[in-house]
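S.K.: Spelled out from the first residue to the last, the chains are:
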Amino acid sequence: MIDWIQKIKTNENEALREIYHLMRHDSIVWLQKEFGLTADDAMDIFQMSVIALYDNVTTGRLSILTSTLQTYMYSIARHKAMEHLRAQKKYVDVDSVQRIIIDLSDTSDYTHREVQLTLACRSLEDLGEPCQSLLIHYYYQDKSMDEITDIMGYKNTDTTKNQKYKCLKRLQNIYFGHIQKSLEY
Amino acid sequence: MRSSKEDITLLDDYIKGNLDDQEIRDLETRLATETDLKSDLDELRILAEGMRVRTLASKLEMMRGWEEEIDALSQTPNNDKQSGSIFSIKRILLAASVVLVLIIGWWWMIKDEQNIQYAWKDEDFYKYILHQTERSNQIDLETDKSLAYNLFTAQNFIEAKPKLQLLWQNHKDTLAYFYLGISEFSVGNKEKAKRYFNQMS
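Sequence order for the protein chains is P and W. Our numbering applies: residue 1 is where the first sequence begins, and numbers increase by one. Our numbering applies: residue 1 is where the second sequence begins, and numbers increase by one.
FYI, nobody ran anything at the bench for these hints, they're computed from the structure. Each hint should be verified, as a subset may be incorrect.
As the list claims (entries may be wrong) - Listed next, the in silico SDA-like pairs over lysine to any residue satisfying Cα-Cα at most 20 Å (straight line):
(1) 166/P - 58/W
(2) 169/P - 13/W
(3) 166/P - 4/W
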């Protein structure tokens, strides 16, 4: 039995590609048949299910797969399909950032949070590399300073800590700039 | 963000759940009174969440790119079902061709095996050998007649038949004709054998 969680942690893009191609056809057929979805909606939900799998592994919410990969993916897809049918929203032409924000949003504070997250993402894009990767390794992937030092090729963990602080300051400045601009309109 | 480097580190550990109970209580006491610290925490949370969103969005972009590759390979958009069934039909046709070739090959082998596998018992067969024979290990190859008769005697009916046929056609060899009948019977061509015997009578 393949340890998909370990595969994702070791080489995430390659693992996701493998999972994507392995599960794609059957998942889309199943979603269309089970929930009466169009091909486009089934594709969207399948992609968001793969995203959810990746997110759960990265954030530590999924550390052991107690069922088959298909069973796990289908349970995510089922949940998303039910949400979709309730909301009856269309996501075909929504850009990636907005699509993720919609999927992750708490509907009680949707608009304000959506704006904040959109600006945060834009700030990260403006920040560029290597800061973007460093901060993502630290805050999202929860890697240790030692791991980040190895990945980024820094001299030692003190250098990594200093670099991380500088990157965060830059990001905050960029974000503040975007917030100011958004308040002008 | 106005907090010091040390406070940023403290906020980082708070967000990541790395503080013990006492440290959490101490920080939360400060957060209740220090508005700048609270504001920095809120901002840090949004930025951290933004990193999550940004990463997931890049994975989604990657998947959308794979879909474009798949569409390009299949040459028509949303062609999954059609490609799937065309592929299945090709597989079925290929499998059917292989089976047909195997059946033909098997039939061909069986046909020949049937022709050469019929073996008379010596005491039954030798009553049909009407020419003078000398039992020996050496086969006389000097004349077509000898060869044809020897092949027949050895029950090699497949090779004997064309030679016996020539003997009949060229020399009206009635014994060869008779042997031809026996040969056809031996390889399972009973109707043909009957015709030979009927003409003889």
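S.K.: Now tell me if each hint is right for this structure.
M.R.: Consistency of the hints with the structure:
With a C-alpha separation of about 24 Å, the suggested pair residue 166/P and residue 58/W falls outside the 20 Å cut-off, and the hint is violated. With a C-alpha separation of about 17 Å, the suggested pairing of residue 169/P with residue 13/W holds against the 20 Å cut-off. A distance of roughly 12 Å separates the Cα atoms of residue 166/P and residue 4/W; the hinted pair therefore holds under the 20 Å criterion.
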